[in-house]
Amino acid sequence: MDSFSTFIDMGGYAVFVWSSYALALLGLVGVLTFTRRAVRTRQAELDRLRPSSANPTSGGDTLADQANVSLDKGTQTGET
Amino acid sequence: MHALANPNRFLKIAAAVQPWAVGLCILCFALGLPIGLVFSPPDYQQGDTVRIMYIHVPAAWMGLFCYAAMAIGSASYLIWRHPVANMLARASAPVGAMFAGLCLLTGMLWGEPMWGTPWVWDARLTSMLVLFFLYLGYMALGDAFDSPEQGHKAAAILALVGTVNLPIIKFSVDWWNTLHQPSIFSMAGVSVDTAMLPPLFLMVGAFQCYYIVVVLMGVRAQVLAAKVRAARLMQSV
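Each protein sequence line maps, in turn, to chains Y and X. According to the working numbering, the stretch in the first sequence is residues 1 to 80, in order. According to the working numbering, the stretch in the second sequence is residues 1 to 237, in order.
Only true hints are included.
Quick look at which bits of chain X chain Y covers, simulated, 3 or more residues with Cβ under 8 Å:
no.: 1; segment: 41-55
no.: 2; segment: 106-112
Over the 12 Å line for every Cβ pair with chain Y, so calculated as not near, a few chain X residues:
no.: 3; residue: L31
no.: 4; residue: W119
no.: 5; residue: F145
no.: 6; residue: E149
no.: 7; residue: I168
no.: 8; residue: W175
no.: 9; residue: I184
no.: 10; residue: L200
Read the hints as simulated data drawn from the structure, not as lab findings. For each residue, glycine too, the CB sits at the ideal point set by N, CA and C.
This is chain Y alone, in the form it adopts within the complex (with noise of 0.2 Å):
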């Protein structure tokens, strides 16, 4: 146990090593929380508008092609 206070201790600089390893980890799960939450919503939002073709990696279409997907006209504007 001692030498585990010790380790805690830091030679006397405790409050600038933890302090330092404490801010990177509020940083690396800050950003990782904040780009995963931007993924969930807006999957989210694109559920809600297109139920039907809701997997982001489907096949090799581009993304016109999936745009024009929900159009059911007889011609469609021919995008590439």
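Since chain Y is already given, all that's left is putting chain X on it; use the hints.
Using the frame of chain Y, we list chain X on its own:
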């Protein structure tokens, strides 16, 4: 490169890469943190504050790396209209800003006990602060226009103009009299205890893998946003 211009195809490749990046990231942290915090030696002058280096230096490296990725993506976007390149650039900004900010803050936490001051306006610290503001400016500018494409183009130009800051940061400790210590890697060799190199490289590896995980997720978010916009347009037709 042109095969990757198709966003859906890029996302499929990204989905395959993602689990490996996550695994490698966890592994690098699992090795780097114990070695850095416990098994590596304290510095003969700086004592245990040297362990801040295992956060500060990798964060600094990533701050520069993410900006370079942003600049290359922006150039590809402006020159070739490569859509995924712009998404990679935009996705690199928040994570790059976070690393630049982390570098600055951990530097302050290291400077306070070792230099007696958390901050000086020397060349390296000042140019790193400028880089942090460039990140913020890039993110703000992209959203500042009514037309997203106009915003992205303006931001891309800002990213390219700001690229001059990268060699300034890198060589600041050579070109000017700075309080910040010189590079540990030089033509003369390595100026740090070799026992400190493994945790340093492991933490750089961990941060790099983390970047890959987050940037691919960020590109996915942008592709989804584009699909949402397209779907909304279809609905209003």
